[in-house]
Amino acid sequence: MNLLIELNKIWAFAARSLIVNRRNVFAVFEMLFWPGVSIFSVGLLTRFLKLDQETVTFVLIGAVSMNTIQIAQLDLSYCLLYDVWSKSLRHEFMAPIRLGHLLGGAGLVGVLRGFLVFVIMGLLSTWLFDMDLTRPGLAALTVFLTGMFLNAAIIGILVLVLVLRFGHRAEVAAWAFSYLLLLLCGLYYPVSVLPPGIQELAKFIPLTYFLEYFRHFYGFPLLSPHPLFYGYAQSVLYLLASYGLLLLTLHSARKRGILLKLSE
Amino acid sequence: MPPAIVAQRLVKSFRAGFFKPGKEVLRQVDLRVPHGTIFGVLGPNGAGKTTLISILTTLLKPDGGTVSVLGLNPVKDAVRLRQRINLAASSAHFLWCLTVEENLRFYGRLYGLSGRRLTAKVEELLALFELVPHRRVTFENLSTGLKQRLALAKTLINDPELLFLDEPTTGLDPEMARHLREEILRLNRDTGLTILLTTHNLREAEMLCREVAFLKDGRIVATGTIPDLQARLRLGDRVWLSYKNGVPPLNFQDTPGVLSWTRGDSEVHLVLDRAEIRLAPLLTEISRLFPEVPEVRVKEADLEELYHELTH
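Protein chains in written order, with UniProt numbering: chain A, 1 to 264; chain B, 1 to 312.
These are calculated hints, taken from the structure and not from any lab test. For clarity, every value in this text was computed on a predicted model and none was experimentally measured. Errors might be hidden in some of the hints.
[Said to hold, decoys possible] Label-pair ranges, simulated between beta-carbon atoms:
1. A/Val236 / B/Thr119: 34 to 42 angstroms
2. A/Gly244 / B/Arg136: 39 to 47 angstroms
3. A/Arg23 / B/Ala120: 21 to 29 angstroms
[Said to hold, decoys possible] In silico BS3-like cross-links for lysine-lysine, where the CA-CA straight-line distance does not exceed 30 angstroms:
4. B/Lys299 / A/Lys261
5. B/Lys23 / A/Lys255
6. A/Lys261 / B/Lys244
7. A/Lys87 / B/Lys244
8. A/Lys255 / B/Lys216
9. B/Lys23 / B/Lys61
10. B/Lys299 / A/Lys87
11. B/Lys61 / A/Lys255
12. A/Lys87 / A/Lys255
13. A/Lys203 / B/Lys76
Heads up, the beta-carbon is just placed ideally off N, CA and C, and yes, glycines get one too.
Sequences and hints are given; from them, build the entire structure.
Listed below in structure tokens is the structure:
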């Protein structure tokens, strides 16, 4: 295996994603408009409710995380949807590539865009609502961001599974899937306010632990003894499981002729 | 040299629903494609041509039988095989917002090209397919012909040893179709590239293919050279000779190029292997023997229609 060739194949997908994002005005919308609206609306709501600064920070961390994950997973989710929409799926899957090239390239752009959204929202929340996203320090920020990107990757890969299974119909899933998970992980509220049965579900979502870890730097208590261990262990486990599921779905798609149907 | 493609007892079926029985699309298909040839797979819509090509190009897994493409198994050695083959489908589809050049660069990278090699290859293909003036035009703004040219340019990005062309001239204007056929012939002649193409067009197959296989309802019903196949299946151009005063005592038994003939009260119906070559001497001979000049109607061989007539 020639490493340069492998990296070049990953770059092919990354470069393509960058071009698509550059030419698509809605991609800029996704990165600036919605995160901006989110920070404004959530921040202003906290003012209206006259929340104390600590609670405002708690809620804003949720808003920043949601938008960062949402944007980071989109590039991954869209990397096959682009081909489904343009009916070019068969060209990719008959080229000498592996899923890793596709996921690596699109994921790289997702991380880049997610990071930019995190920075933009961080600056907005500091400027408008006196929230300091850098307080936990560089190491904690890196750990938190890595955790978020792992979660984004899991969501993105699961959307790809749906795309290869249901084609165009999976389009909605690209957004809906992440909202559902984010609802359960205590994004705008502590997990303790969720109904009892649902609270148990939150324990199986790695983002719950990453949010808990990051918020404890702002004075909120740690509810689990080792949030990073649980967060990363679950993330790696789910990432491997979702990748396995994607491989199985691709195998099934080649057997059932789905790749051809999606190229027609 | 072993054949480029060997398929034996190839079977594929698709299930329309969970509880519904599978529909057999390929039934015990046997195929041998020699190296360095242009081989045509002919057949009507729904015959299984695209399914067959998809299996050979690793896009689809067969249910049964054995396949070897360039000595590799398309299921087990898929990634290695993909490096050595390429495909152009009947209608060209690429990412709408990428330009001609960007699309070629994207696929070039997927096939392992980078740096100067990638640039040189892209430039070569842009020139070869006369795409240089359109290099910065996005795919969505290209005409059908230019899209098809881009699709063909992409098929050569990895210098394949075996090329699959699924109805390559569909949607092209006659001039472009002719240009493309010439290009296919040139590629085969100059580089020894093995090409498997599917087509509805008998003329195209005749012009390009050394050998063809006829696929019908998922079965190969005949394989051979075009003249062999035409003779065996009675495929050919149809000619009607109409006489106002009744048909004279014509006899086309053993006449060269006449595949079959029937005689009515006022009309003779002939099937010729190649009307453009056979008809003129035939009419000269008839007019020498009989004074009445018949009204002549010619219909070029239509594969589906003729095949339908001959097999039902």
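Against the structure, the hints come out as follows:
In this structure the supplied range 34 to 42 angstroms holds for A/Val236 paired with B/Thr119, their Cβ-Cβ distance being about 40 angstroms. For the pair A/Gly244 and B/Arg136, the supplied restraint of 39 to 47 angstroms holds, since their beta-carbon distance comes to about 42 angstroms. For the pair A/Arg23 and B/Ala120, the beta carbons lie near 26 angstroms from each other, so the given range of 21 to 29 angstroms is met. A C-alpha spacing of about 36 angstroms is found between B/Lys299 and A/Lys261, which places the hinted pair above 30 angstroms, so the restraint is violated.
Of the pairs offered as hints, the one joining B/Lys23 and A/Lys255 holds, with about 14 angstroms between alpha carbons and a cut-off of 30 angstroms not exceeded. The hinted pair formed by A/Lys261 and B/Lys244 fails the criterion: a straight-line CA distance of about 55 angstroms is larger than 30 angstroms. A distance of roughly 56 angstroms separates the Cα atoms of A/Lys87 and B/Lys244; the hinted pair therefore is violated under the 30 angstroms criterion. The suggested pairing of A/Lys255 with B/Lys216 holds, with an alpha-carbon distance near 22 angstroms, which does not exceed 30 angstroms.
Annotation: proposed proximity of B/Lys23 to B/Lys61 holds, straight-line Cα distance about 15 angstroms (limit 30 angstroms). For a cut-off of 30 angstroms, the pair hint linking B/Lys299 to A/Lys87 is broken: about 37 angstroms separates their Cα positions. Taken as a hint, the B/Lys61 and A/Lys255 pair is honoured in the structure, with Cα atoms around 5 angstroms apart against an allowance of 30 angstroms. Distance check on the hinted pair: A/Lys87 and A/Lys255 sit about 19 angstroms apart at the alpha-carbon level, within 30 angstroms; holds.
As the CA atoms of A/Lys203 and B/Lys76 are separated by approximately 41 angstroms, the hinted pair breaks the 30 angstroms bound.
In summary, the numbered hints that this structure violates are 4, 6, 7, 10, 13.
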